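Starting from the structure of chain P, add chain U where the hints point.
Those protein sequences? They're chains P and U, same order as listed.
For the record, in the first sequence the residue sitting at position 137 is 137 according to the numbering used here, with numbers rising by one throughout.
For the record, in the second sequence the residue sitting at position 48 is 48 according to the numbering used here, with numbers rising by one throughout.
The calculated lysine-lysine pairs, modelled on DSBU-like cross-linking and capped at a C-alpha distance of 35 Å, are: (1) P:K429 / U:K13; (2) P:K429 / U:K150; (3) U:K30 / U:K40; (4) U:K40 / P:K16.
Bear in mind the hints are in silico, worked out from the structure with no lab data behind them.
Everything numeric in this text was worked out from a predicted model, so none of it was measured.
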Amino acid sequence: MMDPSEINNFEDQWRKALKEASEAPPQSVWEGIEARLDQQDKGMILPLWWQSSKIWYAAASIAALLLVGGGIWYSNSGMKGNKVNTEIAAKQIAKESVSSENKFSEKASPEASVGADAGNQQLALQDNKPESSKPAGKPAIRRENQTLAFEKSAQSTSDALRNNALRSNGKGLVSAAKNSDSAAGSSGNTPAGDRDVALAKAEDPVTTPVETNVSRDAAASGGHVNNQVAAAIQSTMALALLPTTPYNDLDIHMQKRYVFFRPEVIKEEPVAPAKNTEYYAALSLMPASFNPNLTVKEAPVGFSGQSLSTRRAVSGTSEAGASYAVQTQGGMRISKHWSVEMGLSYLKGNSTYEGGGYVLNAFSNKSANVLENAYAGVAPGYAGMNGDKAADFLNNGALYIDVAKTVSNNYQYLQLPVQAGFTIYPEKKFNASILGGMMANFFLSNDLESASGEIITTKASDEIYRSMNWAATTGLRFNYRLSPRWNANLTGSYQKSVTSGFRSNQSLDSRPYLYGVSWGMRYSF
Amino acid sequence: MTFNEQELVQGCKQRNRIAQKKLYEVFGGKLFAICLRYTKNRADAEDVLQDAFIKIYENIDSFRNDSPLEYWLRSVVVNTALNHLRQQKHLKDLDDIDLHHNGIADKEVTLGDFQLKQLLEVIKELPTGCQTIFNLYAIEGYQHNEIAQKLGISEGTSKSQYARARGLLQQKLNKEKRFNDGSVRDKQL
Chain P
1 MMDPSEINNF
11 EDQWRKALKE
21 ASEAPPQSVW
31 EGIEARLDQQ
41 DKGMILPLWW
51 QSSKIWYAAA
61 SIAALLLVGG
71 GIWYSNSGMK
81 GNKVNTEIAA
91 KQIAKESVSS
101 ENKFSEKASP
111 EASVGADAGN
121 QQLALQDNKP
131 ESSKPAGKPA
141 IRRENQTLAF
151 EKSAQSTSDA
161 LRNNALRSNG
171 KGLVSAAKNS
181 DSAAGSSGNT
191 PAGDRDVALA
201 KAEDPVTTPV
211 ETNVSRDAAA
221 SGGHVNNQVA
231 AAIQSTMALA
241 LLPTTPYNDL
251 DIHMQKRYVF
261 FRPEVIKEEP
271 VAPAKNTEYY
281 AALSLMPASF
291 NPNLTVKEAP
301 VGFSGQSLST
311 RRAVSGTSEA
321 GASYAVQTQG
331 GMRISKHWSV
341 EMGLSYLKGN
351 STYEGGGYVL
361 NAFSNKSANV
371 LENAYAGVAP
381 GYAGMNGDKA
391 ADFLNNGALY
401 IDVAKTVSNN
411 YQYLQLPVQA
421 GFTIYPEKKF
431 NASILGGMMA
441 NFFLSNDLES
451 ASGEIITTKA
461 SDEIYRSMNW
471 AATTGLRFNY
481 RLSPRWNANL
491 TGSYQKSVTS
501 GFRSNQSLDS
511 RPYLYGVSWG
521 MRYSF
Chain U
1 MTFNEQELVQ
11 GCKQRNRIAQ
21 KKLYEVFGGK
31 LFAICLRYTK
41 NRADAEDVLQ
51 DAFIKIYENI
61 DSFRNDSPLE
71 YWLRSVVVNT
81 ALNHLRQQKH
91 LKDLDDIDLH
101 HNGIADKEVT
111 LGDFQLKQLL
121 EVIKELPTGC
131 QTIFNLYAIE
141 GYQHNEIAQK
151 LGISEGTSKS
161 QYARARGLLQ
171 QKLNKEKRFN
181 DGSVRDKQL
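Next up, chain P with everything else stripped away, as it sits in the complex (with noise of 0.2 Å):
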């Protein structure tokens, strides 16, 4: 309540009222909100995916596949309870059966007679089934075919039975006749269960006509049926007369079920103070220039055989040439400035070397230039184009040829760099990062173009180069923020070795450097 002594003036009295005023929103507008900040995230990701006809087609193809695949499973659901229905039905007349079965043997052997007359019985069977049932008509259509059978039962004999059996050719009592075959072994003793898949067979109409032409073999050879076996198919043909239980009188079983729930307990998250930490991955290719920096720091023992260990024959330049590295990194932020990531790159370094003559061999016309000779000074196993060392070059007329060639000097790496980042502006669309690290070179590869201008593969495995050497890593990175997950970013990268990529310092030196420039994508977790 206001004290009105203190509001003078209208709008006064009005902001007063209604400045703080407050009012619960329902709940469905922050579920409102929320979904649209889902689709708003996917929606950078995946921009107008909804315009992609192929997502049509696929959504589809789904649904119509649920549609048919819903209509199997419904059909398929239906036949099952009409089988379910058949075999109640089935096992209500094999227990009244059994009860009564062998009161009626004698008596209910004239009733079958009603085989007779085939259309009768072929009523009295399919009226038994479960499709043909009808709630309205089928008690009415029972209860005649039974007075039926009761009224002939008075005139028939069993030698009638017999011949009626053999001479039917009505589906049902053929079929009967089948399985009263099966069960005239046990001869009216057949447990319940298996009279059950007897009935149901007797009522299958699918498998009746092949039974017909078996029960219909079966009788024409058993001209000498004996009695039991027409006291079998008395049997059956009094199941199949005698009168169902009504759906009604079936035994009800209530299943009751407890369905346990909890209800979602709707829980307070606390407040978490803004995370700073954050995953990343990132990949990217850099356009580099990298320059191996080989210097040849003493005469090869090719050139020192010729005397020729003069500057001139020894010395040469590294030139850097197009280079290119693909990277891959993963990243976290570790506080609102600080990251670290690691990465795995491979680097494509190109470069030329130029400088010096070379020396070729008086007598194999073999030619080695001062790459060439000093990695054969350095290896322990390495044999040159020659075979045989540098030992061609000593004391064999060997002929120094003072005719400078470029040639090309490329490297394959592997590269692992571990680097620390500090970001200014973090929270800003464009901010700029500081990243300083270590990285290890695994050497893999270099192809040395040789004086005769074939290419020289040396591995890790030839003992040459080291097989992993450190660098030093820096560089500035700029980053665009697309969507709240992905950044696009340029790096400005400079590595340089810190180590020889030479095993032996003594008469190779290698540092290589390089400068590139890199563009990658980044993904936030």
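Using the frame of chain P, we list chain U on its own:
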């Protein structure tokens, strides 16, 4: 529950869903009351609130800590509400109104006698133009020239619409008061 406004903003800037929800929980009620003042029904108010929060989350980067957060949030909601009204073309034909007085000056009523719900109801019943200008001038505290600029109308129109709103509100509140008093008397009897 204690919270730090700055942390909340920082979290929202990083698109942290927990922070976003907390911001909604803290300010949703007040901002919804603003939406109710500018719209004619709850459904519209809910739409405006939803749109406003999406805008807030999208533009949180542009929020500077030099002004109070609530002030910034309110201005986003008011602008969203105005946009909503524009889209619904409610603010299309705002004209100068000749105020004709019926000679009987309505007695000033004290708002303390009314509940918030009643006040909001009375505001809702105003014609949309009057309702908007009343909200902007009386509650948000904009000047007529600012309102004119915001709505693309003349200052005179803003003033006359406001005067009309004021008159109508007095009338309605007097009516409400009479009804209130009557019902109190009935109860006493």
